[in-house]
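S.K.: Each protein sequence line maps, in turn, to chains H and X.
For the first sequence, my numbering begins at 1 and goes up steadily by one.
For the second sequence, my numbering begins at 1 and goes up steadily by one.
The set of hints was computed from the structure by calculation and includes no laboratory data.
Be aware that one or more of the hints could be misleading.
Stretch by stretch, here's where chain X covers chain H in the computed footprint (C-beta under 8 Å, at least three residues) [as the list claims (entries may be wrong)]:
| no. | region |
| --- | --- |
| 1 | 11 to 22 |
| 2 | 39 to 51 |
| 3 | 340 to 350 |
We put the beta carbon where it would ideally sit given N, CA and C, even for glycine.
Listed here are the chains, written in short residue letters.
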Amino acid sequence: MTNIKRVKIGMASCGLAAGAQVVFDNLKEDLADSNIVVERTGCIGMCFREPLVEIEYNDGHSIIYGDIDGKKSKFLSQKIKNNEIAEELVVYIPGDEKYENDHYHKKQIKIVLRNSGIINPESIVEYIEKNGYKGIKKSFEKGKDWVIEEILKSGLRGRGGAGFPTGLKWKFAGGSKSDMKYIICNADEGDPGAFMDRSVLEGDPHSVLEGMTIAGYAIGANQGYIYVRAEYPLAIIRLEKAIAQAKEEEFLGENILNSGFSFDISLKKGAGAFVCGEETALMRSIEGNRGMPTLKPPFPANSGLWKKPTNINNVETFANVPWIIVNGGDKYASIGTEKSKGTKVFALTGKIKNSGTVEVPMGITLREVIFDVGGGIINDKKFKAVQIGGPSGGCLPASLLDTPVDYDSLNNTGAIMGSGGMVVMDEDSCMVDVAKFFLDFVVEESCGKCTFCRIGNRRMYEILDRITKGKGEMKDLDELEALAYQVKNGSLCGLGQTAPNPVLTSLKYFRDEYIAHIKNKKCPAGVCKALIEFRIDPDKCTGCTLCARNCPVDAISGEVKKTHIIDQSICIKCGKCYTACRFDAVIKE
Amino acid sequence: MNKIEEGIKPIVKKYKEEVGALIPALQEIQEKYKYIPKESIEILSKEFHIPVPRINGVITFYAQFRTEPVGKHIIRVCHGTACFVNNGDSIMDTVKEILNIEVGETTEDRYYTLEQVACLGCCSLAPVIMIDDRVYGKLDSTKVKNVLKKFKEVEND
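Here chain X stands alone, though its shape is the one from the complex (with noise of 0.2 Å):
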């Protein structure tokens, strides 16, 4: 049995036998991974039943699901409404300098990955971003420049 095959196998056992459990099934090879490996796509659609490109098509129409690996942290810069109101481009534009990145990639020590979400709900701290499940709010291109500094500092302690 290889690395992934072992890895999800108790994810394979816990959904297998519940109906419309594909869903929370790829959640949790992707909290695991933090990525859908290839691999467990096939492995899932012998064991749930469902073709290939099927589970590729729920894949794909949900902006969770990457198919690719990540970085070891995520920051999302939040495109809401409200922080488009208050001048949230600018903060992405900041990210992206320091990272030297576009959304969707990952920063070459991989460290971060950039994404952009629609709303993160958080509108009265507006413009923010959350980095993993942290959110940093009244953000501006000076402040946000500390947070990545101290993101990195904090945890290299």
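In isolation and in its complexed conformation, chain H is listed as follows (with noise of 0.2 Å):
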């Protein structure tokens, strides 16, 4: 008899990609004929060891094992039913002292990802279970006067990135007058790298629909929307399940659990254009029309979707709302600094140890962050800057790691808060190719509308573009700075103000790296391609032939166990050799 109650398994895209499926398919086809129940859950957030999969006790205590594959699922399996524990997959026992202390976990809060990881997203009796749906009950039996005082009270602020009060916004919403009003969510999560969003619409759909529910109570709004990425497929099928539940149990639709309010969600998927996370640009793709921005004044809580008044929130601000209804804004507002509360999820990616989804208290540092509940950088090298808030962010290096992060303190920097996206860097990358990286980017995804996005960030690309060939000069970085403030004085939206910011926060804190490229004509992170040269260490060279082997273009020349040489006439510097060599003999410079 096994004491083990059910096995499940992280199966959000990231685990997917990782591939759980496989590990999913043997835990289940093992188990079939054992009591113990193998189903899917979200996003453990340890997506650095994916595949997870989480044993659950009858007592209440579970055990996570990670890095599983196919093979590995067969001797869990097997584990499972000699009920025994596979002590070298063990990544995280809750609750266990060893693994607590970590400071991964102990410097985390979930609010927001409280269920993520924890309960079958397609569950909505699990979603229940975790005091899912109290939040609205609470809601009718307070008021909607009470609903929008408690959320002022929490302090919440808009998660997509801009700060705003949320529950100043849903005053205003709700003070507006009209036979008909909407409620949207923003899940279209375009900052390329940042997957916050998509972590809590697979992981734990319902606290979303909940969110919005309660937001709709509390403006007067009986018609909601979501608007998604259509590049997240699974989040679109997760909340669509989610949808048919919620109206199955009557927490959707008419007359919700006998209160007299009527509250309808619909999905709208995302055709593939970042501008339209902007939200006026939104809602004119809500309406059919090109995603465009308008003027504000008139603000959506006015004339928004189809010119009545809408209230417009984030995803991760939506799933904050139901814990805030529960435990009360006070609980809320005690988490976090005077001006920023509660807590924040960030996507922390790129050269770091411990990637994936965390959520920390507001006020925590950058540092904290970065090291200790993302472990540091990878391979140990050094840290060099860390990337928040994506396009519209900044990067800062390392004398700054110490700011806390908070709305104003992360302004006060030159970058902003954003949605929640955090690239890590070592010294491998080029700051001025980071910079050109964000603006390729909004070159490619202004909507056109203003003559200065439209242009002026193709001007800085186009200088950005000179800088990392080699052919740049020391006025082109006056002009950067010149167009950059232009950008973002003449833009009307969101995406054109923002734009410059990777170029303005690298040219404050990494200006050597900018003259190096100019007056030395020297990437020193040896990243941008023509100013580079790859050479053979004749000292270290063995003659072993595999650079050569490798090389694309024949550029590389020499007999067996003899000296070999690039030709840099030929040479396209695609690095395969560099990458090749097992002898450090290829020289990057």
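Assembling the complex is the task here: the two chains are given apart, and the hints tell you how they should meet.
M.R.: As structure tokens, this is what we get:
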């Protein structure tokens, strides 16, 4: 007899991409003749150890195993059947001192991700067991004014990046008189390097539906839309299922729980336009038009979707709402700093050891997030910069690592909180190249309405391109700066107003790198192809011929067991020889 | 009635009465044909009472819509920040080299179409690619070669 209740496999996009399906199939098959339930759950958060398997015991404790592949899942199912623990595969035991003292767990507070990786996201029953839909019941009991008051008290600010107080937004929309009002959930998570919202939608879709319903009740809206990226197929499937279940259980639809309040939610799939993350553009897109931003005022709270009062919040904001209603605004406000309350979810990626979604209290420092929660840099290389806030944010250097994570402190650095993308870079990243990468992105994604955004960003991109090719001049830097401020001031929406931030912050904190490109014609990180050269160190070369065999253009010559030479006139600087050499004999300069 | 008219009839019927349904209608047409045939635009214009240039305006605005037929499978190479930092460019180079096509093009045997996307949101597994709806992560040049080779083998099994 086993004392195992069930086996859960993390099956959000990350888990699936890492091979969770095979693991699920194997465990399901192997445990078919036992009474152990094998089911899927959302993102457990430790994406760096995917695929993850959690074993839940009857007495309530559980063990999480990581890096499970097809072969290991067979081994694991044998262990499960024998009622044994597979010590070598354990990555985490909740409640166990040895693991809980680890900074990765100790410094996180899970509110938004409270159910993610814990419940089966496709089961409304499991959501209800975890206080699910209690928030909506409590809201009906206490009334709409109380709901808005509680959200105001919590100090919750928009998690999409701009940080506008959510309660205030609701109050404005609630105060607008109209026969029809709308709630929109912005799930058009477009920042490259950000996947917090995807994790929430895939791991706990009901929390978002409940948050939207509470918002609808508070402002008097009867229709909600979720505008979700088409690039998130799994999130769409889980949302569709969740909406159907909520309707069946009467948490959505006509006269919800006999309260007299009716609310319905429809899905709208984005069609691949980053600018649609901007609220006015998003509404134009739902209306079936080109998603181009419009002037504010009028604000959506007065005239939004189809010119009706509309309240629009981000996925993470909505996911916070049921928790706040159930636990009280004061409790939420007890976490965080004076002006930034609660927690923030970050997608920690790049050259970081513990890559994945993390949820930390506001006010924690960047250093704590990166080195304690994130475990530091891969291969213990030197930290160079952290890019936060995506194309609207900035690159911050080591000297700013003690900046607290709150809206105002981050704004002061020239970056922004943003939606939560946090990409960590080591000495192998070139800051000029990174700035160029983000500008390339905004040039591609600018809707073209405002001249400065449409043309200014392109001119800036061209200047950066020149610099990375060794053709830059010192006066380019002044021109870059001047253009950056013109684009900021001359653009209508958030995309253009923040697009120059990556350039401005890298100019401010990594100016020496720009100068090295311009004056010395060198790329210190060894990234910009026009400025680097590959050579073979005759003292280290053993003449193994591996580099020559890997060279796609036959630029390397040399006899077996003799020093090889790279012909610079043929070399395309692809770096294949550099990666292939086992003796560190290929030098990049 | 010709083939396309017949084919998109249920889609037109489903969305005709709905306000602002142009984008979902186009999405369903594309789901069916993998691109938006020119004829379907004319039909939508007539049925939805939207001028053809306005529909074309919407189609060209959104990256998702294509007006040319594509291959059997679509490969999307991620160009997000995490992939970029983890040498994602070399993945794109390798895919281009193997398939011998550029972004936006289809292989001669019409098996693959190559696209680049801004971010697939699987940053922890960077660099990643997506073939149809499935994501493949933690790639390098060798692994991506194997992924493509295996994909074709499995399907031809």
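S.K.: Does each hint hold? Answer for all of them.
M.R.: Quick rundown of the hints versus the structure:
Look at the region 11 to 22 of chain H against chain X: 5 of its residues bring a Cβ nearer than 8 Å to a Cβ of that chain, three or more, so the hint holds. With a threshold of 8 Å between beta carbons, the proposed coverage of the region 39 to 51 of chain H by chain X holds, since 3 of its residues qualify and at least three are required. Note: the region 340 to 350 of chain H has 3 residues with beta-carbon separation from chain X under 8 Å; the three-residue rule is met and the coverage holds.
In summary, this structure violates none of the numbered hints.
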